[in-house]
Every structure is written in C-alpha cells, then in structure tokens.
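Participant: Here is what each chain is made of, one letter per residue.
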Amino acid sequence: MAGLKLEGISKSFGRFAAVRPIRLEIRPGEFFAILGPSGCGKSTLLRMIAGYEQPDAGRVFLGETDITSLRPQDRGIGMVFQNYALFPHMTVFENVAFGLRARKVSGGSIREQVAAALESVSLSGKSDSSVPALSGGEQQRVAVARALVIRPRVLLFDEPLSNLDIALRLQTREEIRTLQRATGITTVYVTHDQGEAMSLADRIAVMRAGEVEQAGEPGILYNSPANSFVAEFLGGASLIDCHLDGSGRVVVWSGVSLQVPAGFPVPPAGPVVLAIKPEGLSFAEGGENGVVQALVRSREYTGFTTAFTLLAGDRVLKALVVSTPATAGIVPGENVFFRVDWRHCSLYRERR
Amino acid sequence: MKFRTPGTLLTVSLLAAVFGICVVYPLGAMVAESLHAGGSLSLDHYLFLFDMSNRVNLEAVGNSVFVSVVSVIFSGIIGLFLAFVFTQYRFPLRSLLARLAVLPVALPPLVGVIAFLFVFGETGIIPRGLQILFGTAAPLIPAGGISGVVLVHVYSFHVYFYLFVSAALGTLDGSQLEAATGLGSGPWRTFIRVVLPELRPGLLAASALTFMSSMASFTAPLLFAGGKNFITLQIYSSKLNGDIDLAAAQSVLLTGVSLLFYLFLTLGPARRSGYARKGAGAPGLISPGSVSRRVMIVAAFTLLGIELLPVIAIVVLSLAREGSWTTQWVPSAYTAGNYAAFFTDAALWKPVVNSLEMALLALVASLAFGITAAFLVSRTKSRLAGTWANLALTLPYAVPGTVIAVAFILAFNRPVLPGLPTLLVGTFWILPLAYFVREYPVVIRSVSASLEGMDGSLLEAASGLGAGPLRRFRAVALPALLPGILSGGVLVLIGSLGEFVSSILLYTYDSRPVSVEILAQLRLFNIGAAAAYSVILMLIILGLLRLSGGLLASDRRMSYIL
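For the record, the sequence lines run as chains A and B.
Counted the way the working numbering counts, the first sequence spans residues 1 to 352.
Counted the way the working numbering counts, the second sequence spans residues 1 to 562.
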C-alpha cells in the first residue's frame, strides 16, 4: 500500500491559475476526497496525479518514488472517468481485459483476473454484454473493474456518480466504499457533492479557486470549519455579515443583537461574519431570554425534517428542524421567534 | 397510406409524377431497351458483354474495377492522414489549410482532370521540367493510362475520406484515449484498438463512395487513359457508334454495381454511433512525439501543395500566349489576351451564360422537389418506410452521369406521353433536366440531415404555444433547416455549373455548357482559352462557396450530405 504526496504542485492554463501550489499528503490505504464547486481545480489536481496533466511546478510522490515525470501508464494508477470512457465497440470482458492485454498478460491469466474483477463489482453475468446495452450503473461498475484489474497502487475517481440518478447514486456510493474497504487500496475521489464526500471519505480536502481551504476528517471539517467558505459549502451554513462589539460578547446586525456565550472563540472586534448551520436554529416562544424575531419566507416539508427560510433583520437564515405538529402550523408570512445554538455557529473575520 | 389533408395528397401525387417521369421512366426505358434485340425480348446484349471472344468489354470492366480498388486504397491512406493531422495537431494556418484540403471536391471534374493533364501528363509541366533538368530524351515519369486515372481519382476522392474521418475524429472522446493510455496501451495499440473502431463506419462509407465514384468516373479515363478501356468509355463509344442498345446494357451493368454500393452506403454501416456518451469528455487528442509531429505536419503541407499545383497551373496557363507552350516546361510568353477577348467578343460568354441558366433552372427544380420530398419523408410514421422512401428518392445519386445520359436519350427521343408532342433530346431543356435528376438527391440528403438533427420537441413546443403550421414552419423549422437547404443548394449549383459527363452526350451546340466548350478548345489546342474558361468557372464556384459561408468548413455537415 502506498500513499501519495503532493509537494507544491500547480497548474495554469494560459493566464488562468487552475491549481495554485498545493501541498497534500494522502496516507496509504486512505479514502481521500477532493471536494469543491465546479471550476475549483479539483479535476485538474486529479489529472496531475494521474499524469494526464503536467504540473507547472512541484512534485508528486507515490510512496517514496517521484512520479512527476512518469507517463500515466507507468505510474501504477487506475482511473475511473466521469463519463466512464468505456470502449463502446468492445464487450464488457474486452474492456476489462484491455489493460491486461496491453501488459501482455497471458490468455488464461487474463480470463481469471477479469472474472475476479467482474465478480468484485457483481457483474459476473455480464461478461459478454456490449457496453451500450448496459445501464448507467453497470457501465460505472465496468469502469471500476477495468481500473482495478491492473492492480493499481492508487485508484482515482473523477466524479464517478454524477451521471447516475439519486437512488442509484446512493447504492453505488455504498458499493464503492465496500470495495475500497475490501481491497484497502489508496483512493482519491473527486466530487462536488459534500454528502458523497462526507459519507465516503476518511479525509476530505475542500478546494476553492485552485486552493485547498481545509483538509481533515469529515467530522472535524463539519464541526470546526476553518473559514466561512467551508462552513457554507460543507455545512450549508447561512453567512451573516454583522458587527462584533468592543466587549467581544455581542454581535449586531440591522436591529438584531445576539449574545455570544462565554468561552466562544471570537475574532477581533469589528465587522465579522457569523456562520449558522441550519440545525443551529430552533423555534422558541416570544419573551424568552435571547430569542430573535423573524419573518417566515418559505417552508419546505421533506418528511422527517422541515426546512425554513427566515428573514431576521433583513438577513436570510436557513433553519432545519425535526417535523412536529407545531412546525406544521408555521406558515410563510408569519412572525416567529427562534433561538441560536452556538455549538453550530462560528465567527470569522471575513468572508472567504 | 392515409393522407391528412387533400393538400398533402396533391403534393405527393405531384412528386410521384415528377419522380416517375424524370427518374423511373428513363431508367425503365433503358432497362427495357437493353433487354430487346431484333424486336423481341433477349439477353443478347448482355451475353455480348461477357463474350470471351471479344474481350474489350471484359477488359474495360476489369480496368474499372482495378482502378477503383486502387483508388480506394490510396484515397484512404491520404484522406486518413490529412484528417489525422488536421484534427489532432495545432499549428499555424490550420483552419485555412483545413478548408483548402476540401478544395478538390469543389473543382469541376473536367477542370480537375485537364489541370492534372497540364501538370503531370505526358507533356505536363513536371515531366517536362524533369526532362529539361536531367537532359533526358523524353519527359520523365509522366502520369498516364491506369496510373494517371488513379492519380486523378485519388486527388478528387481522398476528400471523402478526409471529411468522414475528420467528422469521426472530431467526436472522439478524449477520456477514452486517456483511459487507454493509463491502462498501459501505447499509441499504436490505442490507435488500432480504440480509435480505428470508432472510424470504421466513416471509413466504410468513404470507401463505398470512392468505389462508386471511381466506377462512374468518365472524364479521367476519357482524357488520361491513353487507349486503356473503361466501362464508362465503352458506354460512350457504343453510343457514338450508334449502338444504343449495347450502351443500355453496359449502363445497366454499371448501374447495378453502383446501386449495390449505394445500398451498402445508406443501409450498411451505422452512420451515427448509437452509444450516447454521458458527461463531458475532454476533446480527443492523441499525443504523438514532437519529432513525428513535425514530420507529419511537413508531409501534410507538402500534400496540400501538390493539391494546389493543378489550380496554380491552370491559372498560369490561362495567361499563356497561344503557341508558347510546346516543348518548354512552362509557357515562354504571357498575355492577358485570353481574358481580354471576353471583353471584345460577347459570343465567348455564351457557354458561361448557358451553364448559369441551366444550373439555375436545375437549382430551382431541385430545391422545390428536394425540400418537399425531404419533408414528406420525415413525416412518414414508420421508420422503415421512411428509410426506403429516402433511398428510392435519392436513387439517381447512385446512377453514373453517363448512364443518366443514355437513359435520357432512350426515353426522351420520343414523346413521353401521347398528349405531349415534344421530344426533349436535341432541345435546350434536356440538359437542365439531366442536371436536376443528377443533383436533386443532394438537396434531399442535406435537408434530411438537418431535419434529423432538429429536435422534434421544438415543433411540439411551438404548437403548444399556439403557433399554427405556417408559423411553425417559418419561425421554427426554417431557421433550423436553412443551413441544410443552403449547403444543398450550393452543391447543386456547383455540380450543375461544371457538369460534363452527361452534358457531353446530351448537349446541343446552341446550349453547350462551359465544360463542353473547354473540351472543344482543348481539342483545338487553344490551351489558353480552355484554361481561361476553367478559371472563370472556378471563380464562379469559389464565389458561391464564399457566399455560402462555412459550408466546406464544417466536416460533419459535409459528411452527412455526401
């Protein structure tokens, strides 16, 4: 099992800096997700690891070996493409066997290894099917089998589930996780879906505009986002520009003032950004201590939970609460009171 | 069949009548004639074709087939190579040169052939130049006979391969190539196992088209073959010898071969890949070494240079003083006189005006017939019926020009119907009619391609928003179809303006087209005049191409029309 080490790699296309110098260490056997909105440079980063792009600067290490100048086929890396990139004129078997044939593996051994790879993605019966005849999920699994069969030291995924419908996405996600656990292969997984990243990865790097904003275990990223971007992107937090008074214990915005609990880490007084995750808001009775008044703008009932959009002192806040008969009675246009749970909040000096 | 409105019924009847009179009747008359000998039904003419004691016909068929096969091979190699270089590499002037690469398709066949004759022929510029350079007794490596014909074919038909392969390479999925590379496949393995299968339908289509066109080729053998026999030449000489029955039998034979390939072309290889790709694949680029890259680009430039040579030669020769090009490698004296004559002698314009008139008539008829037919076919409910209707309607595409001429001679040298007293043979109208029959399939093909490409839900959306049929056609369908109509129309004009193969058998002196005039001047050794006419023809065609914008720039569109 080998880990990956990226030492300050960067890449520009013309004047556009797709990836700014990035340092990352991916541990052996780890499932590592690179998460970010489209255009953040995550795919370029992955393609530099795979060898399809040459970094402008920096080095890539696989284990102890510097692979920066190696060709893709010499890196010992398997890649699953976003559109699967299956060869449409070949059968499932031939697609999976392609890498082995290129490596001049003997016929008998090819049959064995392909069968094993197809077995591992539960496609044993589809060996002779043609690619266009497969469903999207099956094509995806063939792509995984094709990448695995050459026994790569690292497996790369480029948004592999983005072409599947939701139900299939959840199921395939689980299969990928199981497969990775079973093989223990170091995996780098690029996605823009934070749910996917959180559920799959041992660690996540959140990227934005070519830079890594924060890297770490999902729980740490979720509970202690390093900046407002991570809080918003990963935790779905509402960001509120407000003012922290001189005492450092009160934030104020357009007529609303909130008490910051003692011991809560605060930036220097002045203009600050308050990030509140949706689960950090709960409804309260008027007149209670520390409650804030707000106008209900919309309600979205999804069964177990109900999502509300609130307007408090002309700032929009998102709230997610467990559905109860009481929440069912709250309708748009109504004035309500809510309380803030500071365990789901953070304060930053500026917006990122 | 049920028709939704009386209007549709009327239109269909009209189309059927035109198709019946212009296509079915002449071809039927030809088949009937070929099966008649001495007043009764017989196979004598066909038996004569395969008569072992008289090998001329067999030899002609053999030559035609041999030349066609060789033409396919070399056109394939060169077209594939150019397509590869132009889609896979980025280099200066690329888009301009890519447009230049399809020039031979726009060159009228006769002009192309005589230009080749001037450059590579027995007394051509290059053999003469080599003779003078090396001081040999005779011109060196002149092209002639079989090799000359093949050379001309490759010059014209490699464009088919170029267009089909470019279109296929343009849609190649880059991540497939990356996947192959990542799995350890070298460039050759990737090309053969991954790229070539994607190109297969295009290569098959281009091969069929090239074979068809080579078999039907008349001009190149006529001017270049130097005594070698070809099936089209046999038809021509049978007709000239007054043996029209034999010409009919030979025509039926040639048409049979052509039709076979046409069926294969339209029904055989899947024109479009049925595998819908998901997500965005990177553009497909095959990364080569930088040395081989440079070598390949230089080779491509050289090929394009050779491609331009005939055009340059024709321009140079149009400026040659008559009699100044006998044993020199290029003419020794130059003059603008060949062009000046056009300003002093209005009669010289006659063939040009004739061609323009006849091409316009053919254009109007082709557009009216082609657009209507394409629309009606697209409205057939069953897919199979649509395919067959399309195939039948575009049948003349597969009929060689020589054959159409023979069929017309047989059909229209007597009144079509008792009520119509006119014979068409020997009148002005026979040529525009022949042009129409030869060219309208292009309109059907291009409009059908646009119709297929049009999203059906657009029309549904329009009608859902309250647009009536007329508004739907004008505001939604027409803008989507206009490129198809335009490119089809321009191809009709180009084809008709330079038409030679049918014209040479059907023309009357008063309505002789430019191509026939060029040949006449050439026969009189008025090389300058012949070249000047050729240049004028080329200029008109280039003007049309410019007018139509990026017609030839779009590889994909062209490969659907052809």
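What the hints contain is simulated information worked out from the structure, not anything from laboratory work.
Treat the hints loosely; a few may be bogus.
Unchecked claim - Each computed SDA-like pair below joins lysine to any residue, with the alpha-carbon atoms no more than 25 Å apart:
| no. | chain 1 | residue 1 | chain 2 | residue 2 |
| --- | --- | --- | --- | --- |
| 1 | A | LYS104 | B | PHE191 |
| 2 | A | LYS126 | A | GLY108 |
| 3 | A | LYS104 | B | PRO197 |
| 4 | A | LYS104 | B | PRO479 |
| 5 | B | LYS381 | B | PRO479 |
Participant: A/LYS104 and B/PHE191 were given as a pair; does the straight-line alpha-carbon distance stay at or below 25 Å?
Facilitator: Judged against 25 Å, a Cα distance of about 17 Å means the pair holds.
Participant: Could you grab the alpha-carbon distance between A/LYS104 and B/PRO197 and see if it respects the 25 Å cut-off?
Facilitator: Roughly 21 Å between the alpha carbons, so the hint for A/LYS104 and B/PRO197 holds.
Participant: Hey, B/LYS381 versus B/PRO479, does the alpha-carbon distance stay inside 25 Å?
Facilitator: holds, 24 Å
Participant: Check whether the Cα positions of A/LYS126 and A/GLY108 lie no farther apart than 25 Å.
Facilitator: Roughly 19 Å separates the two Cα atoms, so the pair holds.
Participant: Please work out if A/LYS104 and B/PRO479 have their alpha carbons no farther apart than 25 Å.
Facilitator: violated, 54 Å
Comparing the model with each earlier hint shows a violation of hint 4 alone; every other hint is respected.
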